[in-house]
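A.B. asks: Use the sequences and the hints to build the structure in full.
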Amino acid sequence: MNAIMNRNSADVKNSTMYVGLFPCNECAKIIIQSGIQEVVYASDKYANEDTTIAAKRMLDTAGIKCR
Numbered sequence: 020m021n022a023i024m025n026r027n028s029a030d031v032k033n034s035t036m037y038v039g040l041f042p043c044n045e046c047a048k049i050i051i052q053s054g055i056q057e058v059v060y061a062s063d064k065y066a067n068e069d070t071t072i073a074a075k076r077m078l079d080t081a082g083i084k085c086r
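Each residue of the sequence shown is one higher than the last, beginning at 20 in this note's numbering.
What the hints contain is simulated information worked out from the structure, not anything from laboratory work. Among the hints, a few may not be true.
[What the hints assert, rightly or not] DMTMM-like mimics (lysine to aspartate or glutamate), calculated; alpha carbons at most 25 Å apart, straight line:
1. K64 <-> D79
2. K84 <-> D69
3. K84 <-> E68
4. K48 <-> D30
5. K32 <-> E45
C.D. replies: Put into structure tokens, the structure is as follows:
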């Protein structure tokens, strides 16, 4: 969330975001609203948490590619 809110460019539409952990549901909301098109993550260690499951559903519904 901090990276999006404190970006150096005018907008982040159609960009790729690189993160350490798969985003939580609150971060997913901001990712969707900002127009980011792809999220690349290093770890999905909280894959079974409700917040991560919700985030995956939201990002999938928004058509955001995650890898």
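A.B. asks: Are the hints correct? Go through all of them and say.
C.D. replies: Hint check results:
Restraint check for K64 and D79: the C-alpha separation of about 19 Å stays at or below 25 Å, so the hint holds. Distance check on the hinted pair: K84 and D69 sit about 20 Å apart at the alpha-carbon level, within 25 Å; holds. Restraint check: the Cα-Cα separation between K84 and E68 comes to about 20 Å, which is no more than 25 Å; the hinted pair holds. A distance of roughly 16 Å separates the Cα atoms of K48 and D30; the hinted pair therefore holds under the 25 Å criterion.
Only pairs whose Cα atoms come within 25 Å are accepted, and K32 paired with E45 is accepted, the gap being roughly 18 Å.
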